[in-house]
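Chemist: Model the full assembly from the supplied sequences, consistent with the hints where possible.
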Amino acid sequence: PLDPASSLPQSFLLKCLEQVRKIQSDSAALQEKLCATYKLCHPEELVLLGHFLGIPRTPLSGCPSQTLQLAGCLSQLHSGLFLYHGLLQALAGISPELAPTVDMLQLDVADFATTIWQQMEDLGVAPALQPTQGTMPTFTSAFQRRAGGVLVISHLQSFLKLAYRVLRYLAQP
Amino acid sequence: ECGHISLSAPIVRLGDSVTASCVISQNCSRPGLDSRILWKLGAELQPGGRQRRLPDGTQESTITLPHFNHTQAFLSCCLNWANSLQILDQAELRAGYPPAIPHNLSCLMNLTTYSLTCQWEPGPETHLPTRFTLKSFQSCQTQKDSIPDCVAEDGQSHCSILRKHLILYQNMSIWVQAENALGTSVSPQLCLIPMDVVKLEPPMLWTVDPSHEAAPPQPGCLRLHWEPWKPSLHVSQKCELRHQPQLGAANWTLEGPLPAKTLQYELCGLLPATAYTLQMRCIRWPLPGHWSNWSPSVKLRTAERVPI
Amino acid sequence: ECGHISLSAPIVRLGDSVTASCVISQNCSRPGLDSRILWKLGAELQPGGRQRRLPDGTQESTITLPHFNHTQAFLSCCLNWANSLQILDQAELRAGYPPAIPHNLSCLMNLTTYSLTCQWEPGPETHLPTRFTLKSFQSCQTQKDSIPDCVAEDGQSHCSILRKHLILYQNMSIWVQAENALGTSVSPQLCLIPMDVVKLEPPMLWTVDPSHEAAPPQPGCLRLHWEPWKPSLHVSQKCELRHQPQLGAANWTLEGPLPAKTLQYELCGLLPATAYTLQMRCIRWPLPGHWSNWSPSVKLRTAERVPI
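Chains as they are written, first to last, in our numbering: chain U, 19 to 191; chain E, 287 to 594; chain Z, 287 to 594.
Hints listed in this document are in silico derivations from the structure and should not be mistaken for laboratory results. Please read these numbers as outputs of a predicted model, since none were measured by experiment.
Here are the computed distance ranges between Cβ atoms for each label pair:
{"no.": "1", "chain 1": "Z", "residue 1": "N457", "chain 2": "U", "residue 2": "S113", "range": "33 to 39 Å"}
{"no.": "2", "chain 1": "E", "residue 1": "Q312", "chain 2": "U", "residue 2": "S159", "range": "17 to 23 Å"}
{"no.": "3", "chain 1": "E", "residue 1": "G318", "chain 2": "U", "residue 2": "Q190", "range": "39 to 45 Å"}
{"no.": "4", "chain 1": "E", "residue 1": "C426", "chain 2": "U", "residue 2": "S159", "range": "47 to 53 Å"}
{"no.": "5", "chain 1": "E", "residue 1": "G469", "chain 2": "Z", "residue 2": "R417", "range": "51 to 57 Å"}
{"no.": "6", "chain 1": "Z", "residue 1": "W571", "chain 2": "E", "residue 2": "K450", "range": "53 to 59 Å"}
{"no.": "7", "chain 1": "E", "residue 1": "G469", "chain 2": "U", "residue 2": "S113", "range": "24 to 30 Å"}
{"no.": "8", "chain 1": "U", "residue 1": "P145", "chain 2": "Z", "residue 2": "E439", "range": "41 to 47 Å"}
{"no.": "9", "chain 1": "Z", "residue 1": "E439", "chain 2": "E", "residue 2": "S432", "range": "33 to 39 Å"}
{"no.": "10", "chain 1": "Z", "residue 1": "S583", "chain 2": "E", "residue 2": "R587", "range": "39 to 45 Å"}
{"no.": "11", "chain 1": "U", "residue 1": "S159", "chain 2": "E", "residue 2": "D431", "range": "40 to 46 Å"}
{"no.": "12", "chain 1": "Z", "residue 1": "V472", "chain 2": "E", "residue 2": "T493", "range": "55 to 61 Å"}
Positions of the beta carbon are idealized from the N, C-alpha and C atoms, including for glycine.
Modeler: Here it is in structure tokens:
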């Protein structure tokens, strides 16, 4: 298995940290707007709805420092971002006011996934084929798209929090 | 779909009642899920939901908000799940008033943009998205040859009809329609001829350069010349001059009618050795029109009186 | 059609020759109409037309302008009719140069509009409508995933690629294509990573409000604090401060590198009781980027030296 510290270029880690911070700031902006405009401020009020809508969460089990296997961690990071990109796409039509923020977030998540994939290719650990998107939840009302938005962003923030911690650990000189 | 709210009406008159029902389908059951349907208006729980179990096992709760006096609020249908209130559906409620009749409709023909700009008083706030549309026909008598609707931008109480829709020297009828979810209202009709409501831009007012003068102006006199606003050269017009000595709260003195164009005009009867502020405006004349605004001020000083 | 001009080419290289022919059909004859075809370039009669009568009675005149050195002119085919020169057809002639190779292509990533703005030197004037198109691919290695062309506005030498076409952290190849009627030219390719050419906006520089201070700053010292430009909070960066006493032609003194953000910074080693001008700029760091412009100046005065 790859030795985590030496095999990842510092510039890659610094770029990832920058991209995580950007996505976190985009996400916070979207959370604020969902709360201000639609009074949907607490994801915990929507957990049950999340079950019914089938909004998935993604683990980063291969990443915590004790059990870190780099290839597995990068792969989970990539598939998580790939999933969130799909979930954000499923929110299309959420509302004219939120659309620009969701679009920006989607582009930033896609770019971050590309950065990870490119590094996996450079390390020779990238699978032959790019992953394909699984079935996405379907939102049948404006409310479900907004509630889905609150839940997706909340899950994404937790995912990014762990990712940031791992990247900081890897970037330590 | 697990929970679904239906409303008697998503938009009501402020103070009217609203009835909502929420249906929770059977496939929503979960361990720890309390089947009692709870309602929240904004962040506040709303008592008074009447719940019943339908033959197919579906739970339905109905609630009536007797006097809905928020202009906007979210109504949520919730269930308690392991001591945590869960929102299953949410509907946006809005309340306001039907639009009042727009009044004080007036129009000005603008020769810079060559468009007819009409404005109106929208009336009291309706609290609802309200669309104002300027409607017009190319004649006051027959309602034929309608002109394309001119829809005012959100929150604006004016709209401009483009030159290509206008017959400048024929009368046209114009009115405003206001429309929102609770109703429509229409202003009285205005019958006007676009060019007869033309408002010109002010003329250009200059002092005559003393150095060019054979003889300096008399004490208490000033030499001026002015030119009408270029795009209105084809419009015959008359003008007015007003002047005011810069001495405390002096009043304006009006001179007119004056021709639209002079090479040189001597204004006399003023105080010698005094600074004056002068402005001019013009109006289409003898054909009808509106006075232009006053031109920017020109500041001039009259000559000293020569000691005898 | 009575007269018809055909040109060897409507657009030629400046100084090249142009050949034109004009055909006057038979049904053009009129009493008093002289059948000799005359040519005018702009307002000047052009000698040298070679005329012949075609089998079907049509008159054809051909003229060659050996060195056409106008960038634009009208060539007219005329007949004399009762001593008055009559124009029967007119063709527009244009001349200029094929576009030179655009050079000095450079790009900046703008975090306000989140677009990549590239600019270039267009090269010498071509005198012809010339279209500059920014072309790019989403990688420098493989020429796949082309990005939609970015066509510069007329007369402009810059174009901005929108965020949705960019992958901010992957390299992309960019070049400019210049095209007019006389040819096409292509600039060398640039290979860059959008975020690595980011140019930040300057930071916000403030003085620390003395009234909030426990102790006033030492003589010859100033207390400052600054914050990075808000949209760049996620970008790790370093900054530089420059200061200059307002004394005649004093030079700037540079302080740096400084962190991107401080609650309070004490700048010492200055002249006491002297007014200083301060400015700051920041750059993405340690990852690559471009320096921001210097911030607007902040003017501050150092404390008096306390008499001992």
